[in-house]
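Undergrad: Each chain is listed here by its residues.
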Amino acid sequence: MGGSAPEMEFAVDIRGASLSFGGVPLFDGLDVRLEAGLWTCLLGPSGVGKSSLLRLIAGLGGGAAGRVRAAPVAYMSQDDLLLPWASVLDNAVLGARLRGERPDFDRARILLGQVGLADSTSARPATLSGGERQRVALVRTLMEDRPVVLMDEPFGSLDAITRHAAQDLAARLLAGRTVLLVTHDPLEALRLGDRVYVMTGRPAALEALPAPDLAPPRDVRDPAVLAAQGALLARLAA
Amino acid sequence: MRAALRMAVVAAGLLVVWQAVVSITGAQPFILPGPLAVAAALAKHGGLILPHAGTTLAEILLGLCIGAALGAFSALVVAHVRPARLWLLPVLVASQAVPVFAIAPVLVLWLGYGMASKVAMAVLIIFFPVTAAFYDGLSRTDPGWLDLARSMGASRWRQLLHLRIPAALPACASGLRVATAVAPIGAIVGEWVGASAGLGYLMLHANARMQVDLMFAALIVLAAMALTLYFTVDRLLRLAVPWQADTLFQEPAKDPNAP
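Here the protein sequences come in this chain order: A and B.
Under the working numbering, think of the first position of the first sequence as 1, with each following residue one higher.
Under the working numbering, think of the first position of the second sequence as 1, with each following residue one higher.
There may be inaccurate statements among the hints.
Ranges of calculated distance between the beta carbons of each label pair, as one might list FRET restraints [said to hold, decoys possible]: (1) B:A20 / A:S87: 37 to 47 Å; (2) B:T232 / A:S122: 25 to 35 Å; (3) A:G47 / B:R140: 17 to 27 Å; (4) B:W110 / A:F105: 46 to 56 Å.
Residues from chain A shown here face chain B by an in silico Cβ test under 10 Å; the list is partial [what the hints assert, rightly or not]: (5) R55; (6) A58; (7) G59; (8) V68; (9) A71; (10) A74; (11) Y75; (12) L81; (13) G100; (14) E144; (15) L150; (16) L174.
Everything labelled a hint here was simulated from the structure, so no lab data went into it.
For every residue, glycine included, the Cβ atom is placed at its ideal position computed from N, Cα and C.
Bound conformation, chain B alone:
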């Protein structure tokens, strides 16, 4: 609850700075509308923004699910199958050397103006942080655990299932957090390049028609969506990995051996 209060204070502070910039510079409303004008636009065009927001949210969520599943799967394959490590890992790295902005037009050409091309773009952006973080976690299992598992006669597959995967979940969660934060980029870029719906599409057209207040209203909806998504995912990941305690801003833990 205190975190929510802090968020509200930060948001209010940013709004004050925003209004101050508008008042001091005397910027024209079609260059930089003030917060009140944007709020008015949000109220006026709410019915227009909502379905577009729904489209973008669906693209982001689909991209996140498919990208996370694909990322986790490729990390498992690369970690468990030696030839895959040698042959697939360079391909995965190379896939990130091509900026998604550069191939966005091609994806729209292949997959059309609908949601598929946007989801594909989000997947491309999302899967790599998940793969990289999860693979990192999978390849750093405590050697002591692996010694123990070998002395117990565990197969490599069962070592993966019972030791490597659970041990790598905190690392995988870090990757998923990064993926969630960048997921909207893929959807929005896709909508800019060619779309018939979505917040990116709406913003592009509002901008072209000098409806800058509408553009900002759409932007704020997008930001609110992205933040809500991030904090929801973060909360879910914390629930899924409860043994990984936060130690960054914690008081020193009490020694359980102390009297």
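Chain A on its own, in the form it takes in the complex:
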């Protein structure tokens, strides 16, 4: 996706992505490009193949095929996937542990402080609220320090207020990285996205929608954001 200007730099470039399910193609010959350093938000009905596309970029299999050229990615899902037996700090440094590297506890502590969890580093995940757990997951994603971050409905299980705060936090901490955010929430896409795409049809195609001409994270009270939300809802319901 994105503009086709040849000088544009892409952090992720996928050509001819295809996936069929029971003989029915979900998408076929799909080209996806993510511009470096920008947030790309992807909306669309359930089952259209958004998550499969994301898994293809993350190299997680799932049946989709295509030529993928992508910078190293970090992955964050709707489920916080925190390990119930490990402390918040140990969850934050999971990536290093899993690669057999020395965990950078100092950096983890700093990041946990930035998301307001400085006092909970030794707590078990079960003692945290849903919003706090997702913040730990965000820190774990940041600890990976990858240029590309793939997020599959990361705030989908949070209530509206908590979600709003989590969006601001993510926008601040992930600034400068290339982000692909799959979401069901039009307002979330319009708050955070530099580029907003709707994935529809079978086989699915991507349609670019204009994002409000403001720097993200955008104010939800801004008339341009609200107008765009109305248009986007109408487009999704069509």
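Following the hints, put chain B in place on chain A, whose structure we already have.
TA: The following block gives chain B in isolation, referenced to the frame of chain A:
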């Protein structure tokens, strides 16, 4: 503490029923001695029972340690090495198709009348529930965690070490509980088939000599040992897997998001 009180009430109730059966049926003491007669036998033969109980307890504990280690190890091998899954799993299942009672005489023949044959029998009984439960837990790791681990570039070995094994510990604990409950069977069967010491040996000989009160006294010591062992292991397992909360008889947990 309340649990201990309940246990005491249940035990007292069983003793009353026992005494009632003896009184009502007028059973001869060499058929069914009453609780008081058994208590007297326990007091009289305590010095005789104690070393035999020690032997049986040692057999059970050794069998439990070796069986649990062997069970956990075989579960790890079967879960981590694909050819092992294809070739070893059927062997493990087949090993349980042969009743341990049937091979007990052979084990005594091979390993002698001492403790080794009893420990071997206990190991045979113990390792399978541990293997089955642990393997089950190892093969049911949350796919989300494995996706996350793959996206972080984790090797299969480190996925096993940091995700699969800790995630499977509650299942492994269930297997260990079952193993602890059945562990005395192996030791006692072994002692029946051929032994020179142990509670099973003592009970068999007391029975043959019509010392039924002694037999019951030994039986009660065995039951007390088995119960103590089970509750000790259960407590230790709960301490080892603290993140696995009991939810069966719990009040609904408070929503941490609620004000």
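Undergrad: Run every hint past the structure and note whether it holds.
TA: Hints, one by one, checked against the model:
Taking 37 to 47 Å as the suggested C-beta distance range, the pair B:A20 and A:S87 does not conform, at roughly 56 Å. Evaluation of the 25 to 35 Å hint for B:T232 and A:S122 yields a pass: the beta carbon distance comes to about 29 Å. About 26 Å separates the C-beta atoms of A:G47 and B:R140, a value consistent with the hinted range of 17 to 27 Å. For the hinted restraint 46 to 56 Å between B:W110 and A:F105, the CB-CB distance of approximately 54 Å keeps it satisfied.
For A:R55, the interface hint holds, the least distance from its beta-carbon to any beta-carbon of chain B being 8 Å, beneath 10 Å. A hinted interface residue such as A:A58 counts as satisfied when its beta carbon comes closer than 10 Å to some beta carbon of chain B; here the least separation is about 5 Å, so the hint holds. Interface hint at A:G59: satisfied, since its Cβ lies 7 Å from the closest Cβ of chain B, which is below the 10 Å cut-off. For the restraint placing A:V68 at the interface with chain B, the shortest Cβ-Cβ distance is roughly 14 Å, beyond the 10 Å limit, so the hint is violated.
With its C-beta approaching chain B no nearer than about 13 Å, A:A71 sits outside the 10 Å limit, and its interface hint is violated. Interface restraint check: A:A74 against chain B, minimum CB-CB distance 7 Å, threshold 10 Å, status holds. Restraint check, A:Y75 versus chain B: the minimum CB separation of about 4 Å is within 10 Å; hint holds. A least Cβ separation of about 5 Å between A:L81 and chain B falls short of the 10 Å threshold, and the interface hint therefore holds.
Hint status for A:G100 relative to chain B: holds, with the closest Cβ pair at about 6 Å, below 10 Å. With a cut of 10 Å, the hint placing A:E144 at the interface with chain B holds, because the nearest CB-to-CB distance is about 7 Å. Of the supplied interface hints, the one on A:L150 holds, with its beta-carbon coming within about 8 Å of a beta-carbon of chain B, less than 10 Å. At a threshold of 10 Å, the smallest CB-CB gap from A:L174 to chain B is about 16 Å, leaving the interface hint violated.
When each numbered hint is compared with the structure, violations occur for hints 1, 8, 9 and 16.
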